[in-house]
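Sequences listed follow chains A and B, in order.
Counting along the first sequence from 1, when you hit position 176 you're at 175 in numbering that gives the first Met the number 0, and nothing is skipped either side.
Counting along the second sequence from 1, when you hit position 61 you're at 60 in numbering that gives the first Met the number 0, and nothing is skipped either side.
Keep in mind that the hints were calculated from the coordinates and are not lab data.
Treat the numbers as computed from the prediction; the structure is a model and nothing was measured.
Hints are not guaranteed to be accurate.
For the chain B half of the interface with chain A, some residues (derived, Cβ under 7 Å), not all of them [said to hold, decoys possible]:
1. 115
2. 155
3. 195
FRET-style restraints, in silico, Cβ to Cβ [stated by the list, open to error]:
4. A:148 with B:66: 31 to 41 Å
5. B:27 with A:76: 55 to 65 Å
6. A:77 with B:27: 55 to 65 Å
7. A:38 with B:91: 44 to 54 Å
8. A:28 with B:29: 36 to 46 Å
9. B:192 with A:76: 23 to 33 Å
A few chain A residues that don't get close to chain B, going by computed Cβ distances all over 10 Å [claimed, not checked]:
10. 42
11. 66
12. 107
13. 182
Each residue gets a CB set at the ideal place from its N, CA and C atoms; glycine is no exception.
2 protein chains.
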Amino acid sequence: MTAPNAKTRLLNAALTQVRRAGYDATTVDELCQLAGVTKGAFFHHFRSKEDLAVAAAAYWSEVTGALFASAPYHDYEDPLDQFIAYIDFRAALLDGRSLAEATCLLGTMVQETYESSPDIRDACFAGIAGHAGTIATIIAAAKSRHAPQASWTADSLALHTQAVIQGAFILAKAGNDMELARSSILHLRRYVELLFHHAKED
Amino acid sequence: MTAPNAKTRLLNAALTQVRRAGYDATTVDELCQLAGVTKGAFFHHFRSKEDLAVAAAAYWSEVTGALFASAPYHDYEDPLDQFIAYIDFRAALLDGRSLAEATCLLGTMVQETYESSPDIRDACFAGIAGHAGTIATIIAAAKSRHAPQASWTADSLALHTQAVIQGAFILAKAGNDMELARSSILHLRRYVELLFHHAKED
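Chain A on its own, in the form it takes in the complex:
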C-alpha cells in the first residue's frame, strides 16, 4: 500500500478540519500543515479553497459511498428490512466516534456557503441527493411490496431521512451529546415502521 499522494492528503485534511471547525474557519495554511504539503503543492492541485471544497464534497461522496455500498443493510432480502437496517447502520456509525468524525462534511459546508458559493452548495446537494437516491431505490422497492397505495413518495422519504440525520447532528453538536442524534434517528426508525404498519392496515 503506497502512501496517499499530496492531493488525497489535502482532501483528507479538508474532511477532518472542515467537520471540526467549519469551512470559513479552515485556512489553506492549516490544510497544508495537516496534509504535510507545501502551499505550492496546494495550488498545483487546487485553484482556491473553494475549488478544494468542491473536490472535497465529491471525495466525501466517494469515500462514504464505498462505506454504504459494503454495509450490511444490503444483505436483507426484504427491501423494508434493508431500509430499517440502513437507519440502524446510520445510528451505529455514531458509536465510538467524536462529533467531528461522525458528522457530515456536506451538511456542515452548505450551512455556511449556500449563499456565497453556488459551486460548493451544488456539490453538497449532489452528494446528499446522490446518497438519498440510493436509499430511494430501496424505499421504492419496499413501497412497491408493502405500501403500494401510500401517498408519500420514495424520493421524498429518502430526502427526509437525510434531513433527520443532518438535524440530529446539529442537536448533538449543540448539546455536546451524541445521544441526541441517536434519539432522533430512533424517532426516524419509528416513523418508518409506523408508515409501513399503517399502510398494511389500509
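Place chain B on chain A using the hints.
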C-alpha cells in the same frame, strides 16, 4: 416608537448576516456597517465577536420566543391539535421568506462553533432546548390525554421536532429550494399523526 439603539441594531445585524453567511465569515466591520455604528460602539457593547454571538443567541430566543408565544397554535383546546398546529405554523413560517430569513441562527452558528467556542455552543443549545421545552409541555399534555402508555417521551419528541426542522433547513439550503424543507416538515406532521393514531389503537 423610538429607533433601536446601537446594541439592538448590532444584534439585528448579527441575526441577518450570520444566517446569510455563517458565523466565521461574518466580520465585526460588516456588522458595524450593517448596523450603522462605529467600531468603538461595537466594543462598548461587546467584548468580542464571540461575546456578540452569545448575546445574539439569547436575543434570537427572545425575538422568536415572542413570535411563538403569540402564534395561533395555542388557541386549540386539545393539546394534540396544538402540537399539529405548531408543526403547521413552522411550515407556514417558510412562506414568502428567503432561506436566510426563514432559517435558524442557532443551528447555523453551532455547526461552525461547537468545537471552537463552548460559550456559543451552550448559548445555541440553551435556545434550542428552551424552545423545545415549550413544545414538550404541549406534547406531554397530548400524550397524557391520547397516548399515556406510549414508550417515547415528550422531551425526546420535542427535541426531535427541532432536529427535523434544522435538517429541513439544511436540505433547503443545499437544494436551494424551500420545498425540500416543507416536505420534511410534512413528514414530521405525518409521524406525529401516526404516533398518536397508533397509540389509540393499542
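To see whether the hints hold, each was checked on the structure:
no.: 1; hint: 115; verdict: 6 Å, holds
no.: 2; hint: 155; verdict: 5 Å, holds
no.: 3; hint: 195; verdict: 10 Å, violated
no.: 4; hint: A:148 with B:66: 31 to 41 Å; verdict: 39 Å, holds
no.: 5; hint: B:27 with A:76: 55 to 65 Å; verdict: 59 Å, holds
no.: 6; hint: A:77 with B:27: 55 to 65 Å; verdict: 57 Å, holds
no.: 7; hint: A:38 with B:91: 44 to 54 Å; verdict: 49 Å, holds
no.: 8; hint: A:28 with B:29: 36 to 46 Å; verdict: 23 Å, violated
no.: 9; hint: B:192 with A:76: 23 to 33 Å; verdict: 31 Å, holds
no.: 10; hint: 42; verdict: 22 Å, holds
no.: 11; hint: 66; verdict: 20 Å, holds
no.: 12; hint: 107; verdict: 6 Å, violated
no.: 13; hint: 182; verdict: 5 Å, violated
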